[in-house]
Amino acid sequence: MATKREGPDNNDKQVVNQQAEYVLRLFVTGASPNSARAISNLRRICDEHIQGRYSLEIIDVYQQEYIAKTEQIIALPLLIKKGPLPERRLVGDMSNTDKVLSGLGIPRNK
Amino acid sequence: MATIKKKTTHNKITTLRKLPTGISGLDEITGGGFPEGRPTLICGGPGCGKTLMSLEFIVRGALEYNEPGVFMAFEEKSEELAMNVASLGFDLPKMQKDKKISIDYVHIERSEIEETGEYNLEGLFIRLGHAIDSIGAKRVVLDTIENLFSGLSNTNVLRAELRRLFQWLKDKGVTAIITGEKGEGTLTRQGLEEYVSDCVILLEHKVVNQIGTRVLRVVKYRGTTHGTNEYPFLIDEDGISVLPVTSLLLNHEVSTERVSTGIPSLDDMVGGLGFYRGSSILVSGTAGTGKTSMAAYFADATCKRNEKCVYFAFEESPQQIIRNMKSINIDLEAHIKKGLLEFYASRPTLYGLEMHLVAIHKMIKKFKPKTVILDPITNLITVGSVSEVKSMLVRLIDFLQAEQITVIFTALTLNNIVNEQTDEGVSSLVDAWILVRDIEHNGERNRGLYLMKSRGMKHSNQVREFVITDRGLDLVDVYLGPNGVLTGSAREEQQLMEEAGSVLHTHALGRKDKEIARKRTVLEAKIASLQEEFESVQDELNKSYVEEDLRKEVMTKNRKQLTDSRHNKDAKPLPRVENNNRKKKK
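Line by line, the protein sequences are chains A and B.
Every letter in the first sequence is one number past the one before it in the numbering used here, and letter 49, counting from 1, is 49.
Every letter in the second sequence is one number past the one before it in the numbering used here, and letter 573, counting from 1, is 573.
The following block holds chain A by itself, in its conformation from the complex:
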């Protein structure tokens, strides 16, 4: 599975990969406004609440159209929490932080 990673720096990625607790996949459509907002919102939330304990894969569905079928994608942007179980699906631009947190099962720490 070819993934397109968007990380600010390489150090971060190293840490994320090794100590991942939350396995997240974000499906977006190119550089559409919704996609861009979803990416930045999700990054912000993750950095604020579960920094260093997540791995985030951002997938452009346009690049891999077949994935839409295999992952049962209808609405986009879509965030799938693959781990820890149970699997959860969140759609939208992740602007509602409370919903994102409860959807991912992350307790508020601030």
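What the hints contain is simulated information worked out from the structure, not anything from laboratory work.
DSS-like, lysine-lysine: derived pairs with alpha carbons at most 25 angstroms apart:
no. : chain 1 : residue 1 : chain 2 : residue 2
1   : A       : LYS69     : B       : LYS172
2   : A       : LYS69     : B       : LYS97
3   : B       : LYS77     : A       : LYS82
Covered stretches of chain A (in silico footprint by chain B; criterion: 3 or more residues with CB under 8 angstroms from a CB of chain B, positions within the stretch not fixed):
no. : segment
4   : 73-80
5   : 98-108
Please read all numbers here as calculations on a predicted model, not as lab measurements.
In this text, a Cβ means the ideal position worked out from N, Cα and C, and glycines have one as well.
Could you slot chain B onto chain A? The hints should help.
Only chain B this time, still in chain A's reference frame:
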């Protein structure tokens, strides 16, 4: 019409192109199929056949028109769908493997989804686009798209996205079917799809008198004319068949060929040739008058001509008919084995009238018979009113005449009053009407057969006695005498009596003849003797005449001599003659 079409093609104005669905009958109603490259909505309540119709559209397209199709299912999983239509002979997994169709099950579950902000349905577009491109699909089905509304809560987004989807499908150039559940007062729950679709087809499941009938109606079809009626349709092992209500124009071909009824004496009643091919013949009568037997004879005659025949039995099972007909020397089983005869038995209450009509249509289209028998049509009345039955039969007769199929209806009459309203009011529709009546006389029931009408041919006005024997059916001239019409044993008795009478009569005649002969001889003898007598009298008379003449002659001679002697004294008189003269003078 043709010239207009030509013009348009010359001017490069393209009229709406239609894509045949392959569903039997549907293309006739829509005038060629669904609008090509545009979305069509099929809506209706649960269980009315939306999914099946749309799936058949995809499958037929792939199989018959070589147009691959995508089926996007929001309700049933691909395996479930495959299982559901396996009974129709559609092998979905194989077709999927052959890249003829692509089935995509869309799973959407509200409890699993958290909405965190703005979104759109781009995923669906990508998914659909991918499926279309991967097999080069020309046909697309979305079944049932409104399920999205149960999975996602932002209806504004969904409505906007659905609009975009319809436009997107048009841009893609695929012919799409969208199915929708019927809503309250609207054709669909969201009230959206019907406006953005170019063609709307409404399916309904109607239950009247506990009998369910599925009907189809074209509610809207942009840019073309279409049938507006409700058309019944049938779902059976061959999929969906829609019955177009055949045109009621009376312009079918007619045949002058005559076909035998199988009963020579009945043929004789219409000039010895039988009825016209493609005509409709009604055999009506009270219970037990031999209507079925007559129908079976006709079937037998058809098969003996090596023509196909379909026997629609609404009362008895085929086995029962075969057994019963053996008793009158007809072996229908042999015809079945040869493939010339087909029975189609069903209880009238099995489904509605329209369904029966569809079933009959289908059977006839499939088997292509030359003769069709409906035995009896009266039983159909149990599932519809008289006018409904009539309208159904009108359409059936219309269809059969167009196909040049001879049809025999049998009908049970409940009373013996002939002039009363005829059976199911069909007597005016049929070309020939044979009526079999019970004639009760002398503690005996006999069958009298009349030809009430027979269009376009000379036919006997006489009542015949219809006899059923071990050897078969026959018609016998009834006895018409001073005591009225005599049938059965009364007729035979009368015939015997007549025979005896005639023997006696000839005997009496013989005696009289002898008497006359004797009288004649006597008379002749008398005549002979009288003749003799007459001759002797005549002789006598003649004798006296001669004597008188002689005397006269002698007298004149004497007188002359006398006068001569007076004037000439020297003349000597003849002494003897003188004597004689004197004597006479004395």
